[in-house]
Amino acid sequence: EPEVTQTPSHQVTQMGQEVILRCVPISNHLYFYWYRQILGQKVEFLVSFYNNEISEKSEIFDDQFSVERPDGSNFTLKIRSTKLEDSAMYFCASSEAGQGASTDTQYFGPGTRLTVL
Amino acid sequence: AQSVTQLGSHVSVSEGALVLLRCNYSSSVPPYLFWYVQYPNQGLQLLLKYTSAATLVKGINGFEAEFKKSETSFHLTKPSAHMSDAAEYFCAVRSYGGSQGNLIFGKGTKLSVKP
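Protein chains in written order, with this note's numbering: chain V, 1 to 117; chain Y, 1 to 115.
By construction, these hints were calculated from the structure, which means they are not laboratory data.
Since the structure is predicted, the reported quantities are computational estimates derived from the model, not experimental observations.
Every residue, glycine too, gets a C-beta built ideally from N, C-alpha and C.
Heads up, some of the hints might be wrong.
Said to hold, decoys possible - Derived pair list, reagent style PhoX-like, types lysine-lysine, alpha-carbon separation capped at 25 Å:
1) Y:Lys110 / Y:Lys58
2) Y:Lys49 / Y:Lys68
3) Y:Lys68 / Y:Lys114
4) Y:Lys114 / Y:Lys69
5) Y:Lys110 / V:Lys42
6) V:Lys42 / Y:Lys107
7) Y:Lys58 / Y:Lys69
8) Y:Lys69 / Y:Lys107
9) Y:Lys69 / V:Lys83
10) Y:Lys49 / Y:Lys107
11) V:Lys83 / V:Lys57
12) V:Lys57 / Y:Lys107
13) V:Lys78 / V:Lys42
14) Y:Lys58 / Y:Lys68
15) Y:Lys107 / V:Lys83
16) Y:Lys49 / Y:Lys69
17) V:Lys57 / Y:Lys49
18) V:Lys42 / V:Lys83
19) V:Lys78 / V:Lys57
20) V:Lys42 / Y:Lys49
21) Y:Lys114 / V:Lys57
22) Y:Lys107 / Y:Lys68
23) Y:Lys110 / Y:Lys68
24) V:Lys57 / V:Lys42
As the list claims (entries may be wrong) - If we take Cβ atoms under 8 Å as the criterion, some of the chain V residues that face chain Y in the derived model are:
25) Val4
26) Gln41
27) Val43
28) Glu56
29) Phe61
30) Phe65
31) Phe91
32) Thr105
33) Gln106
34) Gly109
35) Gly111
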């Protein structure tokens, strides 16, 4: 069964460093998402992406964050200068269609645990 | 704005007992509601979703949920727990207003199943 994959499973970085989290969505999916979960808190929406541009973003997704689909298969989340409060589990998701369609279910990857020291 | 609240961060049941995981929602418009499950070291997997058709929704692995508008609830149940049901369960509501409808999650409920 097709699945969303994410690498690495765990990333440790120093405060102020740049990190890139990688995701490979399901191959025929066109809509892509990033969510994060700080330990003990809710899973929060960060950004959605369609047709090579951001569709929506939350207040969390400030100028330190960026997303890219560099090669038609990968979907990346970059944090330019990490802060302690960026430590969280980051989930990538993809869906075949957008809201309202019968195939709009979002499929999630296993997550990348980011630890900022 | 939409939101969900999951009552109980940790629920423990015996194998064979009823599973009941509670979720209440807040929405100014008819909501689309979801239950996801996360097994250790895996991603979030969709269990079931409510999209304004039947109020009783059946999902995978014997789970079902009932949408009750009067109680603003969407509780998840399973008649008989199995050891393999031990996982974390997330209730979510789809946000309105955006073009893709991002999901708004509850804090999650960790289900333990005792032999």
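Report the numbers of all earlier hints that the structure fails to satisfy, in ascending order. Violated hints: 3, 4, 9, 21, 29, 30; rest satisfied.
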